[in-house]
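Following the hints, complete the assembly by docking chains S and X onto the known chain C.
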Amino acid sequence: MAKIRVVHYLNQFFAGVGGEEKAGTPPVSRDGPVGPGKAFQEVLGQRGEIVGTVFCGDNYFHEDLERTKREVLDLIAGYRPDVLVAGPAFSAGRYGLACAHVCLDAVQRLKIPAVGGQHPDNPGVGLCRSQVYIVVTGETTAGMRQAITTMAELAWKLAMRKTLGTPEVEGYLPRGVRRNVFVGEDGAERAVKMLLQKIRGELFTTELPLPTVDAVKPPLAVKDLKEAVVALVTESGIVPKGNPDHLESAQASKWIKYDIRGKADLTGEEFMSAHGGYDNRFGNEDPDRLVPLDVMRELEQEGRFKQLLNHYYVTVGNCTSVESGRQYGKEIATELLAQGVQAVVLTGT
Amino acid sequence: MERAGIPGVLITALPDLAQRVGANRIVAGVRMPHPVGDPSLPLEKERALRRRIVETALKALQTEVGEPTVFIVAKSGP
Amino acid sequence: MRLEWGTFLVKDAVFGHKTQLSDGVLSIDRDGLRSFLAQDPNLGAIDVEIVHPGDETRIVHALDVVEPRFKVAGHGSTFPGLLGPPHTVGEGRTHRLRGVTVVQTADIPHRLRPTQWDEAIIDMSGPGVEYSPFGKTVNVVVGLRPVSGLTPEEYDTSLLLGGLRAAEYLAKSTADLQPEQVETFELGPVTPGLPKVAYIRVASGTNDVAIYGAKSEAMTPTLIHPNEILDGAVVNLNWGFASERNVTYVQLNNPEVLALYRHHGKDLNFVGVVMSGSGARSQWEKDRNAEHLSKLARLLGAEAAIISWDWGGSSQFDLMLTCQKCEKLGIKTVLVVVEMDQSLIFSTPEADAIVSPGITDEVVELPEMKRVIGGETLYKTGWEAKGRLEVPVRYLMASTNRLGFHCLTARQS
Numbered sequence: 005m006a007k008i009r010v011v012h013y014l015n016q017f018f019a020g021v022g023g024e025e026k027a028g029t030p031p032v033s034r035d036g037p038v039g040p041g042k043a044f045q046e047v048l049g050q051r052g053e054i055v056g057t058v059f060c061g062d063n064y065f066h067e068d069l070e071r072t073k074r075e076v077l078d079l080i081a082g083y084r085p086d087v088l089v090a091g092p093a094f095s096a097g098r099y100g101l102a103c104a105h106v107c108l109d110a111v112q113r114l115k116i117p118a119v120g121g122q123h124p125d126n127p128g129v130g131l132c133r134s135q136v137y138i139v140v141t142g143e144t145t146a147g148m149r150q151a152i153t154t155m156a157e158l159a160w161k162l163a164m165r166k167t168l169g170t171p172e173v174e175g176y177l178p179r180g181v182r183r184n185v186f187v188g189e190d191g192a193e194r195a196v197k198m199l200l201q202k203i204r205g206e207l208f209t210t211e212l213p214l215p216t217v218d219a220v221k222p223p224l225a226v227k228d229l230k231e232a233v234v235a236l237v238t239e240s241g242i243v244p245k246g247n248p249d250h251l252e253s254a255q256a257s258k259w260i261k262y263d264i265r266g267k268a269d270l271t272g273e274e275f276m277s278a279h280g281g282y283d284n285r286f287g288n289e290d291p292d293r294l295v296p297l298d299v300m301r302e303l304e305q306e307g308r309f310k311q312l313l314n315h316y317y318v319t320v321g322n323c324t325s326v327e328s329g330r331q332y333g334k335e336i337a338t339e340l341l342a343q344g345v346q347a348v349v350l351t352g353t
Numbered sequence: 032m033e034r035a036g037i038p039g040v041l042i043t044a045l046p047d048l049a050q051r052v053g054a055n056r057i058v059a060g061v062r063m064p065h066p067v068g069d070p071s072l073p074l075e076k077e078r079a080l081r082r083r084i085v086e087t088a089l090k091a092l093q094t095e096v097g098e099p100t101v102f103i104v105a106k107s108g109p
Numbered sequence: 031m032r033l034e035w036g037t038f039l040v041k042d043a044v045f046g047h048k049t050q051l052s053d054g055v056l057s058i059d060r061d062g063l064r065s066f067l068a069q070d071p072n073l074g075a076i077d078v079e080i081v082h083p084g085d086e087t088r089i090v091h092a093l094d095v096v097e098p099r100f101k102v103a104g105h106g107s108t109f110p111g112l113l114g115p116p117h118t119v120g121e122g123r124t125h126r127l128r129g130v131t132v133v134q135t136a137d138i139p140h141r142l143r144p145t146q147w148d149e150a151i152i153d154m155s156g157p158g159v160e161y162s163p164f165g166k167t168v169n170v171v172v173g174l175r176p177v178s179g180l181t182p183e184e185y186d187t188s189l190l191l192g193g194l195r196a197a198e199y200l201a202k203s204t205a206d207l208q209p210e211q212v213e214t215f216e217l218g219p220v221t222p223g224l225p226k227v228a229y230i231r232v233a234s235g236t237n238d239v240a241i242y243g244a245k246s247e248a249m250t251p252t253l254i255h256p257n258e259i260l261d262g263a264v265v266n267l268n269w270g271f272a273s274e275r276n277v278t279y280v281q282l283n284n285p286e287v288l289a290l291y292r293h294h295g296k297d298l299n300f301v302g303v304v305m306s307g308s309g310a311r312s313q314w315e316k317d318r319n320a321e322h323l324s325k326l327a328r329l330l331g332a333e334a335a336i337i338s339w340d341w342g343g344s345s346q347f348d349l350m351l352t353c354q355k356c357e358k359l360g361i362k363t364v365l366v367v368v369e370m371d372q373s374l375i376f377s378t379p380e381a382d383a384i385v386s387p388g389i390t391d392e393v394v395e396l397p398e399m400k401r402v403i404g405g406e407t408l409y410k411t412g413w414e415a416k417g418r419l420e421v422p423v424r425y426l427m428a429s430t431n432r433l434g435f436h437c438l439t440a441r442q443s
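Chains as they are written, first to last, in our numbering: chain C, 5 to 353; chain S, 32 to 109; chain X, 31 to 443.
Since the hints were made in silico from the structure, they are not lab data.
Fair warning: there could be bad hints in the mix.
Taking lysine-lysine pairs in the DSSO-like style, the calculated list, with each CA pair at most 27 Å apart, reads [as the list claims (entries may be wrong)]: (1) LYS310/C x LYS227/C; (2) LYS226/X x LYS197/C; (3) LYS90/S x LYS227/C; (4) LYS334/C x LYS90/S; (5) LYS90/S x LYS230/C; (6) LYS202/C x LYS226/X; (7) LYS334/C x LYS227/C; (8) LYS115/C x LYS42/C; (9) LYS115/C x LYS161/C; (10) LYS90/S x LYS76/S; (11) LYS358/X x LYS197/C; (12) LYS197/C x LYS296/X; (13) LYS7/C x LYS76/S; (14) LYS416/X x LYS202/C; (15) LYS166/X x LYS416/X; (16) LYS202/C x LYS296/X; (17) LYS41/X x LYS400/X; (18) LYS115/C x LYS258/C; (19) LYS26/C x LYS73/C; (20) LYS48/X x LYS166/X; (21) LYS267/C x LYS90/S; (22) LYS410/X x LYS245/C; (23) LYS90/S x LYS221/C; (24) LYS410/X x LYS261/C; (25) LYS325/X x LYS197/C; (26) LYS202/C x LYS166/X; (27) LYS410/X x LYS258/C; (28) LYS227/C x LYS76/S; (29) LYS76/S x LYS267/C; (30) LYS325/X x LYS226/X.
In isolation and in its complexed conformation, chain C is listed as follows (with noise of 0.2 Å):
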């Protein structure tokens, strides 16, 4: 790549269309740089060049999002660019999410990377940040030489595929994502280091740092059991035997769901457990030891709620990340809301 391919993307303003008054421009693009852009093209001197500049009314992307994503992303798309580079925002917050939405469709749409300038408060931050980077900067366009600075570096290093270094010494703000980097010292070594600094009630610092609880409030309990519909769901991964739809035995890709209609319990001739994280023996032997069917069934005749649901929904809960399971989580209940279940009774291993 003798020389990379930049497009660069401003609101109306920094375009010098003018101000809130014409906010209400449409999406429209000029070959070459345009306004804060010409100080990109400075500090890419001959490694790059910025093709193209789109721009668009702050108000005018927010009217009708989708449409204007897609007139903004067929003009950048045109440049045939191999990296955007958007704002910098600063902590203008229309803008910054307008940047937002751009670069997650370069990145997504377009598989290109992309680079923004904001202030961390500002909205477009919590959009994109875990895959754009964000450079950051101040609130008020006084930082702006130093943030197109550091965007322009980044844009380069980005498109040339050059391995970057950490989110501190780049000047972006961390992506939530990590990443392996081999270290002078085996992780024993490290330990020992890190612990005597501990004793020594010296600064230390974790390698991990710990993750924040994703709390859900807790739904309101069920009015009337008797007449409710109530779902089975499981991680335990009891599925018929054989593995018809191969679920991982760990790190699972899906759920499934299957048919218990007209089942009183689940047996060990016609399901199993496919998961690869505990002794399955009990389970093969008798699955109601993982999904209680029986009792569910018994339950049922007697009264105590409506209905069952005539499916179960199954997945493996071993080694599988907690977004997966929180996506899982999320399709599995608007299956469940499409047929009115009011109530979940769900095993975990």
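Frame of chain C, contents of chains S and X only:
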């Protein structure tokens, strides 16, 4: 699922873990390979135990909770 | 307890008429090794190959990696409880061949495989070499094929013993030789006042390790002298995710034990090892294990401890409970925690000092190889083993292993 507003009850052998990761209605199950069963019991007793656990789960679903809460099954042991 | 490691540096290994070591070259009697392993009636065909660093060769279906060892003096045997009686080791002298390993592979039909088998790759050249520590050693690859009709337990035992026997066979050739280096391990007295540090090992998978030949499942936590670990009392039984696998080579060269020994008498006082069994399958059991582990550390007088764990999933709970209970007893802790899918499923605020041996899900690109040993296609994916591969680090043997044997870590980006 709870975020979608459907109350759920989690039956697990690791109730404290479930509580600390934010499950709201939790029933203490038996062991990880068989949360709602106990192979060391004769069939009848095992089934009765399973019924007690599931009944506790149904009770949990009908109980208002303000925070992650563990419901203990009568006589569930290690 | 005083243990001597007599180390022989092996520069190369070749096939020859007799198994012997001379001038750093290990000559291996291929048929002799085969017939030695064939003493196990459950083993059918046995292949032996030698691969070298730099070869355009990929080993797949690797189960374990074993450092060749032979006990020449002192109580007990090589791999006690498995190749000899379960007698206490950790004293006397043990020979080890450095720079060469035994890698056992097995190509077993899917339906016969226990659930926890996972693909394990060792590349001898290309970027994979950086990830697996065994891309830089000369590897004697022992391909084992147990006879049909065995129970899963019989399969596992034959494959395990096959690797250990091969390792003993190779090192036994040095029985009458004088080692080039002798290292001594002894928890001698230190300057008073140095902080007392214990090493706690939380094992909690289905089958993590064998201690003196017994699966550690349901074992009450116990004290073990670090020399016992360095002398073969603990071997790997886990054939799950390759990158996290604490292969027997890593157990024999336990990095925490070696690091604490290096610091012993300098800036800390290494007081011993506490080890749990695996198989805690309920909160009650995990609670009980963690209570025992922290109590035993306290009985050792520990003021601080390094805590590592042997397997994933819910044993993170065992790890965190142990950390919490130790900290409550005033024992400061550092944990070694491998990262899966970028997040911990569970943590406790006391776990403020964690060492990360890396993240298992990052994808690496491995080039096509000229030769592949161990099998033709990868487990599960069915990909051609010889071809160019894009696989998660998880597939690369011991690259992010849970004892922190390797120089990998993960950082925010």
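Verification of the hints:
With a C-alpha separation of about 13 Å, the suggested pair LYS310/C and LYS227/C falls inside the 27 Å cut-off, and the hint holds. Simply put, LYS226/X and LYS197/C have alpha-carbon atoms about 14 Å apart, close enough for the 27 Å limit, and the pair holds. For the hint linking LYS90/S to LYS227/C, the alpha-carbon distance of about 11 Å falls within 27 Å, and the restraint holds. Only pairs whose Cα atoms come within 27 Å are accepted, and LYS334/C paired with LYS90/S is accepted, the gap being roughly 24 Å.
Between LYS90/S and LYS230/C the CA atoms are separated by roughly 12 Å; this keeps the pair inside 27 Å, and the hint holds. About 13 Å separates the Cα atoms of LYS202/C and LYS226/X, which keeps this hinted pair within 27 Å; it holds. For the hint pairing LYS334/C with LYS227/C, the CA-to-CA distance comes to about 23 Å; that is within 27 Å, so the pair holds. Under the criterion of a C-alpha separation no larger than 27 Å, the hint pairing LYS115/C with LYS42/C is consistent with the structure, at around 25 Å.
Of the pairs offered as hints, the one joining LYS115/C and LYS161/C holds, with about 16 Å between alpha carbons and a cut-off of 27 Å not exceeded. Pair hint LYS90/S plus LYS76/S holds up; C-alpha atoms about 21 Å apart against a cutoff of 27 Å. For the hint pairing LYS358/X with LYS197/C, the CA-to-CA distance comes to about 22 Å; that is within 27 Å, so the pair holds. Our distance criterion of 27 Å between C-alpha atoms is met by LYS197/C and LYS296/X, whose separation comes to about 12 Å.
A hinted pair counts as satisfied when its Cα atoms are at most 27 Å apart, and LYS7/C with LYS76/S does not qualify at roughly 76 Å. Taking the CA atoms of LYS416/X and LYS202/C, the gap is about 47 Å. The hint is violated against a cut of 27 Å. At most 27 Å may separate the alpha-carbon atoms for a hinted pair to count; LYS166/X and LYS416/X meet this at roughly 19 Å. Proposed proximity of LYS202/C and LYS296/X is supported: the alpha carbons are some 17 Å apart, at most 27 Å.
Of the supplied pair hints, the one linking LYS41/X and LYS400/X holds, its CA atoms being roughly 23 Å apart against a limit of 27 Å. With a CA separation close to 25 Å, the supplied pair LYS115/C and LYS258/C stays within the 27 Å bound. Distance restraint check for LYS26/C and LYS73/C: the Cα-Cα separation of roughly 19 Å lies within the 27 Å cut-off, and the hinted pair is therefore satisfied. This hinted pair checks out: LYS48/X and LYS166/X have alpha carbons roughly 25 Å apart, not beyond 27 Å.
Using a Cα cut-off of 27 Å, the hinted pair LYS267/C and LYS90/S holds, with the two alpha carbons roughly 24 Å apart. Distance restraint check for LYS410/X and LYS245/C: the Cα-Cα separation of roughly 18 Å lies within the 27 Å cut-off, and the hinted pair is therefore satisfied. Between LYS90/S and LYS221/C the alpha-carbon distance is near 19 Å, which keeps this suggested pair within the 27 Å criterion. Restraint check for LYS410/X and LYS261/C: the C-alpha separation of about 22 Å stays at or below 27 Å, so the hint holds.
Only pairs whose Cα atoms come within 27 Å are accepted, and LYS325/X paired with LYS197/C is accepted, the gap being roughly 24 Å. Of the pairs offered as hints, the one joining LYS202/C and LYS166/X is violated, with about 34 Å between alpha carbons and a cut-off of 27 Å exceeded. Note on LYS410/X and LYS258/C: the hinted pairing holds, with a Cα-Cα distance of about 16 Å set against a maximum of 27 Å. Annotation: proposed proximity of LYS227/C to LYS76/S is violated, straight-line Cα distance about 31 Å (limit 27 Å).
For the hint pairing LYS76/S with LYS267/C, the CA-to-CA distance comes to about 22 Å; that is within 27 Å, so the pair holds. Between LYS325/X and LYS226/X, the direct Cα distance comes to roughly 15 Å. Compliance with the 27 Å bound is thereby established for this hinted pair.
Violation of the numbered hints given earlier is confined to hints 13, 14, 26, 28; the remaining hints are satisfied by the structure.
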